[in-house]
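*Asks:* Residue numbers (the UniProt record's numbering), protein chains in the order written: chain A, 1 to 259; chain B, 1 to 259; chain C, 1 to 259; chain D, 1 to 259.
Fair warning: there could be bad hints in the mix.
Repeated chains share a single entry, so a pair holds when one copy, or any two copies, can fit it.
Cut-off 27 Å, straight-line C-alpha distance, at most; resulting in silico cross-link-like pairs (DSSO-like, lysine-lysine) [said to hold, decoys possible]:
1. LYS73 / LYS139
2. LYS50 / LYS228
3. LYS58 / LYS72
4. LYS255 / LYS137
5. LYS230 / LYS251
6. LYS72 / LYS213
7. LYS222 / LYS73
8. LYS73 / LYS50
9. LYS53 / LYS248
10. LYS230 / LYS246
11. LYS251 / LYS16
12. LYS251 / LYS26
13. LYS58 / LYS73
14. LYS139 / LYS213
15. LYS53 / LYS72
16. LYS228 / LYS246
17. LYS255 / LYS16
18. LYS213 / LYS137
Rather than coming from a laboratory, the hints here were simulated on the basis of the structure.
Computed from a predicted structure; not experimentally measured.
There are 4 protein chains.
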Amino acid sequence: MNILFVGDIIGRAGRKVFSRSIDDVKYEYGLDLVIVNGENSAGGFGINEKIYKELRSKGADVITSGNHIWDKKETANQLDNMEYLIRPANYPEDVPGNGYITLSIGVTEVTVINLLGRVFMNPIDCPFRKFDEIYRKVKDTVVIVDFHAEATSEKAAFGFYVDGRASVVVGTHTHVQTNDDRILPEGTLFMTDVGMCGSLDSVIGMNKDAPIKRFLTGIPHKFDVENKGKLVFNALFFEIDENTYKVKRYKKIFKVFEG
Amino acid sequence: MNILFVGDIIGRAGRKVFSRSIDDVKYEYGLDLVIVNGENSAGGFGINEKIYKELRSKGADVITSGNHIWDKKETANQLDNMEYLIRPANYPEDVPGNGYITLSIGVTEVTVINLLGRVFMNPIDCPFRKFDEIYRKVKDTVVIVDFHAEATSEKAAFGFYVDGRASVVVGTHTHVQTNDDRILPEGTLFMTDVGMCGSLDSVIGMNKDAPIKRFLTGIPHKFDVENKGKLVFNALFFEIDENTYKVKRYKKIFKVFEG
Amino acid sequence: MNILFVGDIIGRAGRKVFSRSIDDVKYEYGLDLVIVNGENSAGGFGINEKIYKELRSKGADVITSGNHIWDKKETANQLDNMEYLIRPANYPEDVPGNGYITLSIGVTEVTVINLLGRVFMNPIDCPFRKFDEIYRKVKDTVVIVDFHAEATSEKAAFGFYVDGRASVVVGTHTHVQTNDDRILPEGTLFMTDVGMCGSLDSVIGMNKDAPIKRFLTGIPHKFDVENKGKLVFNALFFEIDENTYKVKRYKKIFKVFEG
Amino acid sequence: MNILFVGDIIGRAGRKVFSRSIDDVKYEYGLDLVIVNGENSAGGFGINEKIYKELRSKGADVITSGNHIWDKKETANQLDNMEYLIRPANYPEDVPGNGYITLSIGVTEVTVINLLGRVFMNPIDCPFRKFDEIYRKVKDTVVIVDFHAEATSEKAAFGFYVDGRASVVVGTHTHVQTNDDRILPEGTLFMTDVGMCGSLDSVIGMNKDAPIKRFLTGIPHKFDVENKGKLVFNALFFEIDENTYKVKRYKKIFKVFEG
Ligand SMILES: [Fe+2]
Ligand SMILES: [Fe+2]
Ligand SMILES: [Fe+2]
Ligand SMILES: [Fe+2]
Ligand SMILES: [Fe+2]
Ligand SMILES: [Fe+2]
Ligand SMILES: [Fe+2]
Ligand SMILES: [Fe+2]
Chain A
1 MNILFVGDII
11 GRAGRKVFSR
21 SIDDVKYEYG
31 LDLVIVNGEN
41 SAGGFGINEK
51 IYKELRSKGA
61 DVITSGNHIW
71 DKKETANQLD
81 NMEYLIRPAN
91 YPEDVPGNGY
101 ITLSIGVTEV
111 TVINLLGRVF
121 MNPIDCPFRK
131 FDEIYRKVKD
141 TVVIVDFHAE
151 ATSEKAAFGF
161 YVDGRASVVV
171 GTHTHVQTND
181 DRILPEGTLF
191 MTDVGMCGSL
201 DSVIGMNKDA
211 PIKRFLTGIP
221 HKFDVENKGK
231 LVFNALFFEI
241 DENTYKVKRY
251 KKIFKVFEG
Chain B
1 MNILFVGDII
11 GRAGRKVFSR
21 SIDDVKYEYG
31 LDLVIVNGEN
41 SAGGFGINEK
51 IYKELRSKGA
61 DVITSGNHIW
71 DKKETANQLD
81 NMEYLIRPAN
91 YPEDVPGNGY
101 ITLSIGVTEV
111 TVINLLGRVF
121 MNPIDCPFRK
131 FDEIYRKVKD
141 TVVIVDFHAE
151 ATSEKAAFGF
161 YVDGRASVVV
171 GTHTHVQTND
181 DRILPEGTLF
191 MTDVGMCGSL
201 DSVIGMNKDA
211 PIKRFLTGIP
221 HKFDVENKGK
231 LVFNALFFEI
241 DENTYKVKRY
251 KKIFKVFEG
Chain C
1 MNILFVGDII
11 GRAGRKVFSR
21 SIDDVKYEYG
31 LDLVIVNGEN
41 SAGGFGINEK
51 IYKELRSKGA
61 DVITSGNHIW
71 DKKETANQLD
81 NMEYLIRPAN
91 YPEDVPGNGY
101 ITLSIGVTEV
111 TVINLLGRVF
121 MNPIDCPFRK
131 FDEIYRKVKD
141 TVVIVDFHAE
151 ATSEKAAFGF
161 YVDGRASVVV
171 GTHTHVQTND
181 DRILPEGTLF
191 MTDVGMCGSL
201 DSVIGMNKDA
211 PIKRFLTGIP
221 HKFDVENKGK
231 LVFNALFFEI
241 DENTYKVKRY
251 KKIFKVFEG
Chain D
1 MNILFVGDII
11 GRAGRKVFSR
21 SIDDVKYEYG
31 LDLVIVNGEN
41 SAGGFGINEK
51 IYKELRSKGA
61 DVITSGNHIW
71 DKKETANQLD
81 NMEYLIRPAN
91 YPEDVPGNGY
101 ITLSIGVTEV
111 TVINLLGRVF
121 MNPIDCPFRK
131 FDEIYRKVKD
141 TVVIVDFHAE
151 ATSEKAAFGF
161 YVDGRASVVV
171 GTHTHVQTND
181 DRILPEGTLF
191 MTDVGMCGSL
201 DSVIGMNKDA
211 PIKRFLTGIP
221 HKFDVENKGK
231 LVFNALFFEI
241 DENTYKVKRY
251 KKIFKVFEG
C-alpha cells in the first residue's frame, strides 16, 4: 500500500503547489492514500469547509491539522461537513471533531491519528497517553501519526515511545523538512518534520517582511502568506507491507517549482 | 576555500564520531577550515578547557557554542585558554568571552559569528541588531554565522535579514539536520539546522529513557548522553569563492556509523 | 472552624519564621487546622522527610506543594512516610503520592486539594477538569484548594470556575501576597496569592545577588536561600461555617519580624 | 509633592471607575501628579488618541503602557499627538515614541520611566541596562519607574537593582494588586503590582466566560472587557520629599464601587 504524507499547506501558494504536483506524484508512486496537513491552508491560518472541499477535490483523502485548527471562526460549526478532517486528538474529550480516523484501503484498515505536542505550545492533554488510549482501539490497523509539535526532543521521545506500535510517525508544525527520516529500532518510520507546501523564499510560508520587522522592533505586524516566487512541495512517501504493517520503503520529497 | 561546519557535538559519543570521521572528511573535501559547535561536548552540557583541547587536537579550528555555554562552572574562568572558542555574541557586552573571531585562511580573512535566537529561549540582546554591529567591523571578510535558535521562523527571518551580507548562515540547537540547505536570493547559503554529532538512536543525543519518563509523568529526570549504538555525523560543507565571498558549492553530510 | 493557610515556606529562613510565629497565631485565632505550602522548605527547592517532620512538629497539619515537589531526589521514595503531604493532583494518575487529603476536624470533614496551573509552567493535566473529578468524590466535605500557578488570569478563571463549590481557593507560587482576598459571587473565598514565609529583603526568598546577576548577564547563577535580615510571615486565616461550609470571616496576615 | 500611580485601566469599565474616583482621590490626597497605566484602556487592548484625550481630560497627567501598546493599529501614527504617553523604554532605539518623560512639578523635576520585563514575555532589550542608560541622564530628578512585567522574581530583582536610585518602582501588568508595598533598604518605594481599574468580578478585567472556556477546551475565544457589576480602583499614593527625593509616606488604594 502506497501512502503520501504532505506537509502543512500554507495558504494559496500551498494549495497551488499541491494541486500542481499531486497528480504527478500520485502517478509516479501509485498512491493509495494521500494525507495532507491543512492547518494553514486557509489564508495561512486555519481551514474551513470551502478550502477543505478544494483540497479533497484535488486529491487529499485525509486532512490533519494542528494548533491552528480553530483560527477560522466557522470551522467548529462546519466539522460535520468535513468528515475526513481530523483535529489533534489530545484536545479534551468534549471538544468537537475527531482526533483520528480509520479508513479501509482495499482489505487493509489504516488509522491516521493527529496529536499536538506540548513543549513551547499551549496547554493540552498528554499526547503520549492519548496515543495509548487510541492505540488500544486501533491496534489491528496500520497506524500513522501526525505529531504536530515544536521541540525536536518531544518529537523524538514520542517516536521512540510508539516505536513498534505505530507504522509511521511524521512530524509537522515547523514547516521545515528535516533530513532524519529513518526506521527506528522497533520498526516505526520516523521523521521529525515533513515540511510544508508553499512559497520557498518565505519565512515558513509567510512574506518575510512582517516577521523581520517584528523581530527587529518587537512590534507585532500582520503576517501574510507569501504568494510570489518559487514554490516548494514537501512530502514523505512510504509503502506499507500489508501483512506486517511495517514500512517497506520510503522517500522524502522536496520539489521546487517556478511560481 | 573549503570549509566544514559540524553540528552540536553531544558528549563522548559526539566526540567519538567526530574524531573518527573528521580526517576522512578533511581529506575528501580538502578542507581549509573546520568549525564545530561544541556547546554540548562536555557530558552533554557545556564545554571546558579539557574538552576544548581534545576537539582542537582532533581537527576543530573554531568552536562555536550556544545557550549551554555556561553549563560547566569552570568555563568562564578558562576562556583565556580557549582562544578559538566563541560564545554567542549577543550576550551583554561585559560578559566574558568573544562573540566572533576573524582568522586568516591563506590570504582570505574569515569571520565566524555566533548568535543566539530569542524565541522560546532565555532573554538576551537582539541577534539581528548585534549582527549589524559586528558586520560593520568585519564586512570585508567572509562572514559565517552560527545562528543557534529554536524557532524555524526566527532562523528563516534572520537568514533573509543578512542575505547578501553573510556568506553562510548555519542554524544549530535543535540537533536535527534539516533538508532545506539552499542559496537565498541575494547569495547567502542558508540551512535551518545542521544537526548534531552523537548517538543516532537517542533523543537529540540523550538516552531516551529519561525524556520519555519526563514527558509521561511531568517529573524531572536526569538526562544522560547516549553513548551506545549507532553514531551520526552531521555537517555542512561549502566552498567559498575567494573573490566574491559567495558559496560556489555546498553539500550537507549525514553519515551513520556503527558505534 | 478556624483554619490558617500559610504561604510557601522558603528554606531555613521560612522554617524559622514559621516556627516563631505559628504558636502565637494559633492562640490568637483559635486554629483548628494549619495548612502550609512546603514546596520550597528544603533549601529553597523541594521537601523531604526530615523537613516534613520538622514542619509537622512545629504545627503544620497538612502540607501542600507545587512544581518544586520533585526537586529533592529522595522525595518520591519517602512519600509513604509523609502521610499529610500532598502533591499537585493533576500529575498523571500513576505518579506517586496523593493530590488531595480529607481530614476530620471534629465532626466536619475537610478536603485539601493541591493543583498546578499550566500557563508559563510545564505541561501537566488540566487542573480545571481534575478539580471536577475530585469534587465529585468530596463534595460533601469542606473543600479548600491550593492553586499553585503563575498567571493571574488562570488563577482568577479557576476561582470563578469553582465558585460555590470550593469553600476556599488560595493561590500560591509567586511568593508575593496579593491584596485581592474576597468572597466571589457564589461564596468562595478567593485570593490570587497568599505569599511566602522567608526573608523579606530577598528575591522571592532567595538572596538577591544571583538573580540580579542572571538578569543582567544571561548567565545562570546558583540561587541560594536568603537567611539574613528581616523575616516575613504570610498567611490567610478563615473561619468556616460548619453548617453551610461557607467562609464567615477571613483575614490575610503579613507580619514582619527582625531576623 | 503628592503623586498617585493608577493601575492598568481596562476598557470602558476601567475608564468609568477612573473618572468617578479620581476627583475625590485628588482632593483627599492633594495630588500634584497623576500617572496612569493605559495599555488596556481602549477596549481592553491598547490605547489611541481618542482614549488618551479622554484620560487626560479626566485628570491623567502621564500615561504609561506596556506590552499592549501596539494593539491598536492607529497608535504608532498618533504618537505625536500623545505627548504625555510613554511606551516601554526598552523597545529598540528606532521604535517610535518615548520611553520616559521629565516634567516640572513646581520647582522639582520628575521623570517617569516605563520598562518591560522579559520573563514569560516577548523578546526585548534588557530593562536593567536600559534603566542605567536613562538614569545617567535623569539622575538629578525624582525617578519613578513603571516596571511592566509578569514574573515576581524579575520585578523584585529590578527593585533591588535600582534601590536608592529610583524614588519609586511600581509594578504593573498582572492586574492584581499585591500587598507587599514597602521601602527597600536603600530607600526606594517598591510594590510588585499596583493592580488595575476595571470590573471586580472579572478575569483581570475581562468577562470570565471566554477565559474559562479557553482553559477548559484549549480553543481560543475572543476576550471582551467586563463592563457589568462592581468596579475596582487600584492605585498607589506616595509623597516625595522635595529635598531628598525619598518617599515620606505612601498608601495603596483598593476601592470597590457599585457598577
Ligand atoms: Fe503549520
Ligand atoms: Fe502548527
Ligand atoms: Fe546543542
Ligand atoms: Fe542549544
Ligand atoms: Fe514556591
Ligand atoms: Fe512554585
Ligand atoms: Fe495590562
Ligand atoms: Fe501588560
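*Asks:* Would you mind marking each hint as holding or not holding in the structure?
*Replies:* Tested hints:
1. LYS73 / LYS139: Neither: 35 Å inside a copy, 37 Å across copies.
2. LYS50 / LYS228: within (23 Å within a copy, 39 Å between copies)
3. LYS58 / LYS72: within (22 Å within a copy, 40 Å between copies)
4. LYS255 / LYS137: neither (37 Å within a copy, 39 Å between copies)
5. LYS230 / LYS251: Classified as both: same-chain Cα gap 22 Å, cross-chain 21 Å, threshold 27 Å.
6. LYS72 / LYS213: Both: 25 Å inside a chain and 17 Å across chains, each within 27 Å.
7. LYS222 / LYS73: Both ways: LYS222 and LYS73 sit 18 Å apart in one copy and 10 Å across, limit 27 Å.
8. LYS73 / LYS50: Classified as within: same-chain Cα gap 13 Å, cross-chain 30 Å, threshold 27 Å.
9. LYS53 / LYS248: Answer is neither: 32 Å inside a copy and 45 Å across each miss the 27 Å cutoff.
10. LYS230 / LYS246: between (35 Å within a copy, 21 Å between copies)
11. LYS251 / LYS16: Result: close within a single copy only, 22 Å intra versus 29 Å inter.
12. LYS251 / LYS26: For LYS251 and LYS26, only the intra-copy Cα distance (14 Å) is at most 27 Å; the inter-copy one is 29 Å.
13. LYS58 / LYS73: within (24 Å within a copy, 38 Å between copies)
14. LYS139 / LYS213: between (48 Å within a copy, 23 Å between copies)
15. LYS53 / LYS72: within (15 Å within a copy, 35 Å between copies)
16. LYS228 / LYS246: Between copies, since 25 Å is at most 27 Å while 40 Å is not.
17. LYS255 / LYS16: Cα proximity of LYS255 and LYS16: one copy only (13 Å, versus 35 Å across).
18. LYS213 / LYS137: between (48 Å within a copy, 23 Å between copies)
Hint check: violations occur at hints 1, 4 and 9; the rest are consistent with the structure.
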